[in-house]
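All chains, full assembly: derive it from the sequences and hints.
Read off the chains here:
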Amino acid sequence: QQQVKQSPQSLIVQKGGISIINCAYENTAFDYFPWYQQFPGKGPALLIAIRPDVSEKKEGRFTISFNKSAKQFSLHIMDSQPGDSATYFCAASIRQAGTALIFGKGTTLSVSS
Amino acid sequence: DARVTQTPRHKVTEMGQEVTMRCQPILGHNTVFWYRQTMMQGLELLAYFRNRAPLDDSGMPKDRFSAEMPDATLATLKIQPSEPRDSAVYFCASGFGTQGFPSGANVLTFGAGSRLTVL
Numbered sequence: 001q002q003q004v005k006q007s008p009q010s011l012i013v014q015k016g017g018i019s020i021i022n023c024a025y026e027n028t029a030f031d032y033f034p035w036y037q038q039f040p041g042k043g044p045a046l047l048i049a050i051r052p053d054v055s056e057k058k059e060g061r062f063t064i065s066f067n068k069s070a071k072q073f074s075l076h077i078m079d080s081q082p083g084d085s086a087t088y089f090c091a092a093s094i095r096q097a098g099t100a101l102i103f104g105k106g107t108t109l110s111v112s113s
Numbered sequence: 114d115a116r117v118t119q120t121p122r123h124k125v126t127e128m129g130q131e132v133t134m135r136c137q138p139i140l141g142h143n144t145v146f147w148y149r150q151t152m153m154q155g156l157e158l159l160a161y162f163r164n165r166a167p168l169d170d171s172g173m174p175k176d177r178f179s180a181e182m183p184d185a186t187l188a189t190l191k192i193q194p195s196e197p198r199d200s201a202v203y204f205c206a207s208g209f210g211t212q213g214f215p216s217g218a219n220v221l222t223f224g225a226g227s228r229l230t231v232l
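In order, the protein sequences belong to chains A and D. Just so you know, we're using the working numbering here: the first sequence kicks off at 1 and counts up by one. Just so you know, we're using the working numbering here: the second sequence kicks off at 114 and counts up by one.
Because the hints were derived from the structure by calculation, they are not lab data. Be aware that one or more of the hints could be misleading.
Not everything, but these chain A residues come out facing chain D in the computed CB check (under 7 Å) [stated by the list, open to error]:
| hint | residue |
| --- | --- |
| 1 | Gly16 |
| 2 | Ala29 |
| 3 | Tyr32 |
| 4 | Phe39 |
| 5 | Pro40 |
| 6 | Lys42 |
| 7 | Gly43 |
| 8 | Pro82 |
| 9 | Ser93 |
| 10 | Lys105 |
The following residues of chain A were derived to be distant from chain D, with all beta-carbon distances above 10 Å [what the hints assert, rightly or not]:
| hint | residue |
| --- | --- |
| 11 | Pro44 |
| 12 | Leu46 |
| 13 | Lys57 |
| 14 | Gln81 |
| 15 | Gly106 |
C-beta: ideal position from N, C-alpha, C; glycine also.
Encoded structure:
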């Protein structure tokens, strides 16, 4: 119940295309869903986050879509650029309890120019 | 820029040796996490502390791993004895949470990681 399942494991997208990464969870107590971005040799860094009271959040080219009934959320990267090539992790936690983030296994995105 | 500092960045050791990884969280952050990253398992939570008290260490193999916060500026993760399956990148992350706003600790700042290779 504590797992967050992420897919695909790897993704290759052409420059200018849309990258889509999906995550699913089981624990309905989760109420905070961030995405982290990690470049090689670096630690993950917070990219964007959403709470379950909204269905979508957009920041620049990055959008989180959230489907509470399906217990799924996804990251969309519009107009993907080579600089977006990185590993992306979805995560979930129970904000009110301040529990630790549980991460998905990650998606390695390569944007070809 | 405030950052989480981890040492060592790289460590190669032989099976059976003791390994200690250190983390200096961001000044003022009161919640510290240890994660382990491998290709197979992704980012696994090992343990975390709030105000230096351990909140959860259920992700750690208790027989060989130990985590402590001797003071607010230092967190340590020790493996004794180390095994080849412990080879991974170990990340420390910190955040700030209070009793009324524990969620603040969910905004994590990660260190650059300690890459451990056990031969």
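Here is what the structure says about each hint:
no. : hint   : verdict
1   : Gly16  : violated, 29 Å
2   : Ala29  : violated, 13 Å
3   : Tyr32  : holds, 6 Å
4   : Phe39  : violated, 11 Å
5   : Pro40  : violated, 11 Å
6   : Lys42  : holds, 6 Å
7   : Gly43  : holds, 3 Å
8   : Pro82  : violated, 23 Å
9   : Ser93  : holds, 5 Å
10  : Lys105 : holds, 3 Å
11  : Pro44  : violated, 5 Å
12  : Leu46  : violated, 6 Å
13  : Lys57  : holds, 15 Å
14  : Gln81  : holds, 23 Å
15  : Gly106 : violated, 5 Å
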